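Peer 1: The chain contents come next:
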Amino acid sequence: MTVVSLPGRLLSLAMLRRGLRLWVLARLLMSALFLLSQTDPLRVPTITTVVFVVTCVMLGYIEVHLNHERDLLANLGIRRRALLPLFLVPAVLGELLIRVVAAFA
Amino acid sequence: MTTILVAESVSKSYGSRRILSSATLRAVEGEFRVLFGRNGIGKSTLLKIAAGRVSPDGGSVHFAGEAYLTVHHATLASLGLFYLPDHDLLSRAYTVRQQLEMVGERFPGGDVMQSAGRMGIAARIDQRPSALSGGELRRAELAAVLVRRPRCLLADEPYRGISPKDAEVLTSVLQELARGGTAVLVTGHEVPTLLDAADHISWCTSGTTYELGAPAVARRHEAFRREYLGS
Chain P
1 MTVVSLPGRL
11 LSLAMLRRGL
21 RLWVLARLLM
31 SALFLLSQTD
41 PLRVPTITTV
51 VFVVTCVMLG
61 YIEVHLNHER
71 DLLANLGIRR
81 RALLPLFLVP
91 AVLGELLIRV
101 VAAFA
Chain A
1 MTTILVAESV
11 SKSYGSRRIL
21 SSATLRAVEG
31 EFRVLFGRNG
41 IGKSTLLKIA
51 AGRVSPDGGS
61 VHFAGEAYLT
71 VHHATLASLG
81 LFYLPDHDLL
91 SRAYTVRQQL
101 EMVGERFPGG
111 DVMQSAGRMG
121 IAARIDQRPS
131 ALSGGELRRA
141 ELAAVLVRRP
151 RCLLADEPYR
161 GISPKDAEVL
171 TSVLQELARG
181 GTAVLVTGHE
191 VPTLLDAADH
201 ISWCTSGTTY
211 ELGAPAVARR
221 HEAFRREYLG
231 S
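Note that the protein sequences, when read in sequence, are chains P and A.
The first sequence begins at 1 in the working numbering and counts up one residue at a time.
The second sequence begins at 1 in the working numbering and counts up one residue at a time.
Because the hints were derived from the structure by calculation, they are not lab data.
Since this is a predicted model, take the numbers as computed values, not measurements.
Heads up, some of the hints might be wrong.
Only some residues are given here: those of chain P computed to face chain A with a beta carbon under 7 angstroms [unchecked claim]:
id, residue
1, L6
2, G8
3, S12
4, D71
5, L76
6, G77
7, R81
In this text, a Cβ means the ideal position worked out from N, Cα and C, and glycines have one as well.
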């Protein structure tokens, strides 16, 4: 029997906030590294952006692991893979926003 | 009374080390069951298998009438299981209130403040778990159980690191849950407390399990007394 379980509103908001915080911190770090190498951090190659977004998602899962949230999530009936969009969306939207800004800059 | 959970003829090895060869675990609605066994004998592994937390090498898990060769903890949780691990359950990233509300949102019915009040943590509910003592943490976890109101509770060593007063509260809540129809199954080494509180005793030894029955019967079981109780 397959039980489809989506995170509730509270858990979704908490994980979206986490995804956003991780993306902001990682983006600041990446931008600093780009500036140090005298590269424009607003104009990043697509492949770099993809790798960066994947990294942000992985950071989300690492934080779940570090906070020992596996059993809590499972007790809520949530599989960890259900968190994927919640870590993916902030990073993707953030990168899209930066591309829009870069297009007008 | 209905058997809601059975982990049947379960075997499990880690590398070349065989932990369980043919162990069976039952949780029965309305009963407070205790699984005793020496450290490292496989109690926690058996509980994890029953909760869908670890896949067995052999055997099956039955929950609420469905049989599974492999099942995920989240699936069983959606059907009414709650598993308290032998480490802290609550995330350090959120307050106790936030986490109880997450449980209440997913599984409506329980009242967050009422459950926190019952467990005596209402005053600490806006703290993060890292600010709570060991006893308060166990009580906060049990508040999550009360909010969830599970059909079956598996608790792995819930008495670890708590004061006698907290142990008293824990026991009374576990008994209350069982009286309310929840199948309660715990592990632990608090022999006098658990023998007094439990309805049924199982013993895990040498990779298998023995259903000893009522505590009075378990106390008279010669091998159990000799090899586990030590008296």
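Peer 1: Determine for every hint whether it applies to the structure shown.
Peer 2: Cross-check of the supplied hints:
1. L6: violated, 10 angstroms
2. G8: holds, 4 angstroms
3. S12: Check failed: Cβ of S12 of chain P comes no nearer than 10 angstroms to chain A, outside 7 angstroms.
4. D71: holds, 5 angstroms
5. L76: holds, 5 angstroms
6. G77: With a closest approach of 4 angstroms, the G77 of chain P hint holds.
7. R81: violated, 10 angstroms
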